[in-house]
Amino acid sequence: MLTGNRLGAAEREVRVAEIEDLSPRLRRLRLLPCDRAPMAASPGSHLLVRVPGTGRAAAYSLIGDPETMAGYEIVVRRSERPDGVSHRLHGLAVGARLSVSPPRNFFAPAAGARRHLLLSAGIGLTPFLAYARAFPPQVDWHLVQIVRPEERAAFARLTAPFDPARITLLDGRAALCWPDWLDQPLDTHLSACGPAAFLETVCGEAAKAGWVPARVHVERFTAAEGQAFEVRLARSGGRLSVCAGQSLLEALESAGVSVAYLCRGGVCGACRVGVLAGRPEHRDRVLDAEERAGGKVMLACVSRARDDALTLDL
Amino acid sequence: MTEPQTFRNALTFCNARETLLRFPFPFAADRYETAANLEQNDRTGPCAALRALFDVDAHYRAEIEEKAFVLARDPQRCTLLPHLDLAQWDVVELVMSSLARDFPQLFRLDRDGRRWRWRNAALGIDQSFRFGDPDSLPCPPFEYIARQTQGDMVLLAQRGDMLYLDGGMLTAAQGWSLPFDLGMSWREIHGEVTGEREQAAIERGLAFALRMQPETQVRRPNWVICVTPRLDNGLETAAEWAGLYEGAPPADLGRNLLLRVEVQQLYRLRRSHVILFAIRVYMARLSEIATVPKWAARLHRVLRDLDPAVARAKAVPFRDDLVAYLAPFDDGAPLAPGRAPF
Ligand code: FES
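Residue numbers (this note's numbering), protein chains in the order written: chain W, 1 to 314; chain B, 1001 to 1342.
Just so you know, these hints were derived from the structure itself, not from any lab.
Possibly wrong hints are sitting among the right ones.
[Claimed, not checked] A few chain W residues that don't get close to chain B, going by computed Cβ distances all over 10 angstroms:
| id | residue |
| --- | --- |
| 1 | 32 |
| 2 | 65 |
| 3 | 122 |
| 4 | 162 |
| 5 | 163 |
| 6 | 241 |
| 7 | 259 |
| 8 | 283 |
| 9 | 308 |
[What the hints assert, rightly or not] Chain B regions said to be covered by chain W (calculated; three or more residues, Cβ under 8 angstroms):
| id | region |
| --- | --- |
| 10 | 1159-1171 |
| 11 | 1205-1219 |
| 12 | 1269-1279 |
The model shown is predicted, which means the values in this text are computed figures rather than measured ones.
We put the beta carbon where it would ideally sit given N, CA and C, even for glycine.
Isolated chain W, as found in the complex (with noise of 0.2 angstroms):
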């Protein structure tokens, strides 16, 4: 069996340079690539930070840009699940090791708005904590953040650095009152991010007060989530296994396998692989109908497995 303890070819290792425990399930790390300076990312940027020596991986947004803030400054909630990524998260000290993905977005604030409504729930404020620090003087924007009444201290930190008249924290969803806060100037974007039954909520109520698609903008469902599925290399004989947050194309890069890819979201084409056995599930928009009906391909940066294997021609 392969463990995943090699960098895929982008990733890059990090240091953990800082901790900083908000409550007793939140925690601040600023991490510090290895090797150079960290890079420039715009806001609602997402890492996909690797713990080493386990296959796992979980996307963490970026609360401002690497390159002002001298790191890349995540939150992390420590889930219910004992063996996750948030779990190993919190059990670092500085100076621990990690390795991330480059910066990925695909949730930036619509360019040229003059106006933004942001909701969040949770831990979904941290994309925005990115968006207020970027928002040029001249654009008005509001946060809506949602929390727990025992987390409210800690929401309350990370959004201190800003003008506290842009910001509403409110104890449970209940208090949220939908009417008052979508009656906005017509021009008024909204984004939203949190659990998904949240940004459901979101939707329908925008929807409910008119707002056109257009101008409601929810972070996405990723590309990577659904069961997990094990994998046979033919080729080399090697095994992985998919976990249930990570795309085939992460668990072959974190095996050591290169594969090609250029848009890693089904629409390019450039990460076909062969299948050899086991029947694929196919989330492109690439192949034709007969390539998805015959099997014998997949396109690893989207696609998975119906069943519980797959034998690839790698």
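Given the coordinates of chain W, assemble chain B with the ligand onto it according to the supplied hints.
Relative to the frame of chain W, chain B with the ligand by itself:
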């Protein structure tokens, strides 16, 4: 300002042998397929032109001069919406650092925090400035570096699931124009296309661009046949050039018809998340192509056997005359695959 003579007036443009051999000839096979031919823009490729991100060749000074002339006549060719301030610095960083890395004998960039010093030996420039401070440069940052770069650049800003052309500098456009397209969405820029395949390609291109990240850099060589080596065939100057494409073919076909290759490149800018679309134009006269036997024979086969739908889309001017001109250079023997000259 005296009118430059390379790409207008006397049209003195020509390629020396070594410049010709680095030309990004676009045809790897005898049949041209319109499939989305995106390739990784990783400073590798079959010719020297593709081994730099922002390529500089023997025409650098002439093209810079031409650009300055067009901008002096029509300042609107460089326009940016105000929200692109940060993207301007992204472009400065990307272009300066690429030029300094790819052509160290011509360009040098020294960075000390926000204090930067830029040297361009080809144009005799030595400029110290503060990164992020527009007052420390003689003109706005995007314009400053775009005026020192061969080719055109436009900026596409993302709002939700759509990209909008919110700025750029276009002085070498073929059949379009910045003032006309400013503010348009990806779909509007591409205009009405009839074919289902073309429509699907435009949508796939959009889906690709929307998800593109800074670590991914792609290029796509596009080609047209043009009449005379004019660079500026924008809509603004159509009165000057449109007539060349109608009526009788020009005298001396080999000299006056050119293969024009536009290496289109996409970059996702780090700070602003804006997309930079750079279009680097190369031209070779047919008589020059004819001196490279593999290219001459391949171009003959490609143009002769062009799929009718593609031929319509490409609007190849004087195609029959062109094919007849190239026929003597093609003995029908199999050609080595790939785009390299030999
Ligand atoms: S990398 Fe583009 S389809 Fe997978």
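Outcome of the hint check:
1. Annotated as non-interface, residue 32/W keeps its C-beta farther than 10 angstroms from every C-beta of chain B; the closest such distance is 17 angstroms.
2. The Cβ of residue 65/W sits about 7 angstroms from the closest Cβ of chain B, inside the 10 angstroms cut-off, so the non-interface label is violated.
3. Distance to chain B confirms residue 122/W as a non-interface residue, since its nearest Cβ pair spans about 24 angstroms, more than 10 angstroms.
4. Every Cβ of chain B is farther than 10 angstroms from the Cβ of residue 162/W; the closest lies at roughly 19 angstroms, confirming the non-interface assignment.
5. Against chain B, the non-interface label of residue 163/W holds: every CB pair exceeds 10 angstroms, the least being about 20 angstroms.
6. At roughly 25 angstroms from the closest C-beta of chain B, the C-beta of residue 241/W stays outside 10 angstroms, upholding its exclusion from the interface.
7. No Cβ of chain B comes within 10 angstroms of the Cβ of residue 259/W; the nearest lies about 13 angstroms off, and the non-interface call holds.
8. The Cβ of residue 283/W lies farther than 10 angstroms from every Cβ of chain B, with a closest approach of about 13 angstroms, so its non-interface assignment holds.
9. Look at residue 308/W: its CB is around 29 angstroms from the nearest CB on chain B, clear of 10 angstroms, so calling it non-interface holds up.
10. As drawn, the region 1159-1171 of chain B meets chain W at 6 residues by the rule of a beta-carbon pair under 8 angstroms; at three or more, the given contact holds.
11. Counting residues of the region 1205-1219 of chain B whose beta carbon lies closer than 8 angstroms to any beta carbon of chain W gives 9, which reaches the threshold of three, so the coverage claim holds.
12. Counting residues of the region 1269-1279 of chain B whose beta carbon lies closer than 8 angstroms to any beta carbon of chain W gives 6, which meets the minimum of three for the stated coverage.
The structure fails hint 2 only (numbered hints given earlier).
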